[in-house]
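Asker: Read off the chains here:
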Amino acid sequence: MHTNYSLELIQINKIYGSGATEVRAVDSVDLQVNPGEIVLIMGPSGSGKTTLLSIAGLLLRPTSGTIHVNGISTSILNENELARIRLESIGFVFQAYNLIASLTARENIQLVMNMAGARDHKAQERSQELLALLGLEERANHLPADLSGGQKQRVAIARALANDAQLILADEPTGNLDSKTGYEVMELLCCGLDREKGRSIVIVTHDHRLTDIADRVLWLEDGQLQENAVGMM
Amino acid sequence: MAKLAWRNLTQQPLRFAISAGGVALAVVLILAMSGVFAGSEEHAVLYMRNQPAELWGMQAGVSNLHMSSSILSEETVQQIQQFPGVEQAIGVLYASAGVDVGETEIYSYVIGIDPNAPYGGPWSLVEGNGSPGLNEIAIDRDLAYRYGLTLGDTVSILGYPLTITGLSEGTFGIATNVVFVNKTAMALLMDVSPQSASYVLIEPKTDTNVNSLENALNSTIRDANIMSRANFIGSDQEMIRQMGADILQMMNVIAYIIGLLIIGITVYTATLERAREFGVLKAIGANTRQLVSTVFIQSYLIAGIGFSAGIGLAYLVSILVARLSPEILILIEPRQWLSQLPVLVIVTGVASLLPVQRIRSIDPLIVFKA
Ligand SMILES: Nc1ncnc2c1ncn2[C@@H]1O[C@H](COP(=O)(O)OP(=O)(O)OP(=O)(O)O)[C@@H](O)[C@H]1O
Ligand SMILES: [Mg+2]
Chain A
1 MHTNYSLELI QINKIYGSGA TEVRAVDSVD LQVNPGEIVL IMGPSGSGKT TLLSIAGLLL
61 RPTSGTIHVN GISTSILNEN ELARIRLESI GFVFQAYNLI ASLTARENIQ LVMNMAGARD
121 HKAQERSQEL LALLGLEERA NHLPADLSGG QKQRVAIARA LANDAQLILA DEPTGNLDSK
181 TGYEVMELLC CGLDREKGRS IVIVTHDHRL TDIADRVLWL EDGQLQENAV GMM
Chain B
1 MAKLAWRNLT QQPLRFAISA GGVALAVVLI LAMSGVFAGS EEHAVLYMRN QPAELWGMQA
61 GVSNLHMSSS ILSEETVQQI QQFPGVEQAI GVLYASAGVD VGETEIYSYV IGIDPNAPYG
121 GPWSLVEGNG SPGLNEIAID RDLAYRYGLT LGDTVSILGY PLTITGLSEG TFGIATNVVF
181 VNKTAMALLM DVSPQSASYV LIEPKTDTNV NSLENALNST IRDANIMSRA NFIGSDQEMI
241 RQMGADILQM MNVIAYIIGL LIIGITVYTA TLERAREFGV LKAIGANTRQ LVSTVFIQSY
301 LIAGIGFSAG IGLAYLVSIL VARLSPEILI LIEPRQWLSQ LPVLVIVTGV ASLLPVQRIR
361 SIDPLIVFKA
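Protein chains in written order, with our numbering: chain A, 1 to 233; chain B, 1 to 370.
Keep in mind the hints are simulated off the structure, nothing from the lab. Be aware that a few hints might be false.
[Said to hold, decoys possible] Chain B stretches covered by chain A per the calculated footprint, using a threshold of three residues with CB under 8 angstroms from any CB of chain A:
(1) 276-286
(2) 357-370
[To be verified] Some chain B residues judged to face chain A by a derived CB distance under 10 angstroms, without partners named:
(3) LYS3
(4) TRP6
(5) ARG7
(6) ASN8
(7) GLN11
(8) GLN249
(9) MET250
(10) MET251
(11) ARG289
(12) GLN290
Keep in mind the model is a prediction, meaning the values are calculated, not measured. Every residue, glycine too, gets a C-beta built ideally from N, C-alpha and C.
The shape of chain A in the complex, shown without the other chains (with noise of 0.2 angstroms):
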C-alpha cells in the first residue's frame, strides 16, 4: 500500500511485561502526519510519548501495529534495513543532546554523512553550509563539552538534518533548555532551514510555547492519542 504520508502509524499497541506488571504504553493509535507538517504530542508524564516516538522512529517494535515511513511499510524489515531509514529518512532530536563527545561540532555533523556514503568533500560542504544556518560557524572546531546547551542542540539539529531526512522526530528537544533558548532554537528547526522542502516534525513536549509553531496539537493520555488538544492544556 502506497500513502502520501511522511508518517503514518496504524493501529500501534505497545505493552510492556505481562500478566500483573503489564502496562499497555500505548493504545491503539492511528496518526498520519502529512509531509511539511508540524505536529505538537503533548501529556502527562508517563502517557506513552517517548514510547510512541521510540516506535515511530524505529528503534522499538510495537506489539502490534503498522508503520509507515515516507510510504515504505516497516514491518517486515530486519535491523539493518531499519538502520538505514533512520539514517536517511528521519533526524532525531533528543533532550539529551547526545553528541558525541570526541568529535567536533562539524565532525558530528558529518559522521552521520560519512555513515550514508557522502563524500568527505561533500560533507563539508553541507556541515559548512548548516553550520552557518545555524549561526554554528565559529564554533565548527569545538568539542560538545565547550558548547552551550542551545548550542549543543543546535548542532544535534544540524545532524539530524545533515542527510535531509524528511522526517524530524524530537523528544523534549527544549527540555534541557531555558524557555528562550528553547524557543529560539525550535524556531529555527521550524520555520527556517530549507522546510519548504516538505519536512515533516513531530515534538514530543512538555513545552506550552510551542503549540505556537505547530500546525496540529494532539494530547496522548494513558497510551491513547487524542486529535483535538484544544481544552485540555
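Following the hints, put chain B with the ligands in place on chain A, whose structure we already have.
Answerer: The following block gives chain B with the ligands in isolation, referenced to the frame of chain A:
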C-alpha cells in the same frame, strides 16, 4: 568511523599508551626470546662455520657436534687421511666439561687440537697463540674479561691446571662456550690414543668433487659417518631448535595471552565507557558493520602501534644486550616478526569479540534517557 575509533582511543591517552605499551612488551618478549634462541643456534655452529673443512667425519651413527659423543680410532682417522681426494684431514678431540675459572665452573665444549695442525683451533685469535701446549689452554676473550683472567693466569679442567696462552673471539655464548686445549693432553685425560679423534675436519683436494668424495668415504669407511659442512651445521641447528622449541612456544603462548587480555580489556573498557554513544550511533542509523568496525579499528590500532613499537624495542634490546653481555646473542630477523604478524592479527580479532558482543547488545533506546 576510523576517526571516531582513533578519537575514542586518544581521548584517554594514558590508557592508550599503556595498552599499546603492553602489546609492545609482549612483542619484545616474543622477539627477544626467539632472538636468543636464534642467536644460540648461530653461536653453536660458529666452530663448524669457521673451519676450512668442507667435510666432517665422525663416528658412525653420530650426526651432531653438540650433545654427542664420537670417537674414531687411530686406523679410521688414518684411513680418512689417506683416502684419495682428501687433501688433508685434521682430527680433533671433543668433549664437554666444566672449566673452573676460580669463582665458578663454566660448562664448556673442550676441543683438543694438535698444536701443529693448520686448522681446527680458534678461528679468530685476539691475543697469544691458538696452539696450546700440554698444560695450556685458549679461552674466549669475553669470558676471560668477565672473570678477570688474562694471559698467564690459570684455570682448571677436572682438577688439571692449565695456563691461559691464547684468547679467542666469538667462542663465548650462553649455550656454548668453546675452549681449546692440547690434543695429546686431552687424550690422556679421556684415556684414548692421541692419534684417535672425535671429529675429523676434512679438506678435499681442489679438483675433487666434494659430493662424490663424501659418498665414497661413507661407502668405504664403515666406522665413520661423513657429512658435508652444511648438513652438519643444519643437523646441529635443528637439534638446538628442538631443544628450545618447547620453551619458546610456551613463552609465545604466554605473551599472546598477555596481548589478548590487554587488547581485550582496553577495547572492552573503551566500549563500556562509550556505551551510550554507541547507542546513539545505533539510534541515528549506524548499521552493525559500522559499529563493529569501530571496535575492530580500535583493537587493530592498539595492536599495530604496539607491534611496531615492540619491534623497534626488540632491536634496541638486542643492541643493548650485545653491548652489555656479549655472550648473549639476540638475533632478530624480519622473518621472525613477520611470522608473528598473522598470529597477532588473529589474537586481536579474538580480543575484539567480547566488545563487539557488548556493542551489539546496547539498546539504542538509551538516547531517550537523560
Ligand atoms: N522499558 C519499559 N519497560 C516497562 N515499562 C516501561 C518501559 N518504558 C516505559 N514504560 C512504561 O510505559 C509508560 C509510558 O512511558 P513513556 O516513557 O513512554 O512515557 P512518557 O510520556 O514519555 O513520560 P515522560 O513525560 O515522563 O517522559 C510508563 O508507564 C512507563 O513506566
Ligand atoms: Mg518521555
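Asker: Taking the closest Cβ pair, is B:GLN290 under 10 angstroms from chain A?
Answerer: At about 6 angstroms, which falls below the 10 angstroms cut-off, the nearest Cβ of chain A leaves the hint on B:GLN290 intact, so it holds.
Asker: Identify whether the interface hint at B:ARG289 stands, where standing means a beta carbon of chain A within less than 10 angstroms of its own.
Answerer: Holds, about 8 angstroms.
Asker: Okay, the region 357-370 of chain B and chain A, do three or more residues pass the C-beta test at under 8 angstroms?
Answerer: That given contact holds, which follows from 6 residues of the region 357-370 of chain B lying within Cβ reach (below 8 angstroms) of chain A.
Asker: Return the status of the interface hint for B:ASN8: holds when the least beta-carbon distance to chain A is below 10 angstroms, violated otherwise.
Answerer: Where the cut-off is 10 angstroms and the nearest Cβ of chain A is about 6 angstroms from B:ASN8, the hint holds.
Asker: Would the hint on B:LYS3 stand, with a C-beta cut-off of 10 angstroms toward chain A?
Answerer: 7 angstroms, holds
Asker: Is the shortest C-beta separation between B:ARG7 and chain A less than 10 angstroms?
Answerer: 4 angstroms, holds
Asker: Does B:TRP6 meet its interface restraint, that is, does its C-beta lie within less than 10 angstroms of any C-beta in chain A?
Answerer: 9 angstroms, holds
Asker: Any CB of chain A closer than 10 angstroms to the CB of B:GLN11?
Answerer: Where the cut-off is 10 angstroms and the nearest Cβ of chain A is about 5 angstroms from B:GLN11, the hint holds.
Asker: B:MET251 was flagged as interface toward chain A. Is the shortest Cβ-Cβ separation under 10 angstroms?
Answerer: 37 angstroms, violated
Asker: Are three or more residues of the region 276-286 of chain B within 8 angstroms, CB to CB, of chain A?
Answerer: holds (count 9)
Asker: For the hint on B:GLN249, just tell me whether its beta-carbon gets within less than 10 angstroms of chain A.
Answerer: 40 angstroms, violated
Asker: Under 10 angstroms is the threshold here; is the Cβ of B:MET250 close enough to any Cβ of chain A for the hint to stand?
Answerer: Since the shortest Cβ distance to chain A is 40 angstroms, the answer is violated.
In this structure, the hints that do not hold are numbers 8, 9 and 10, in rising order.
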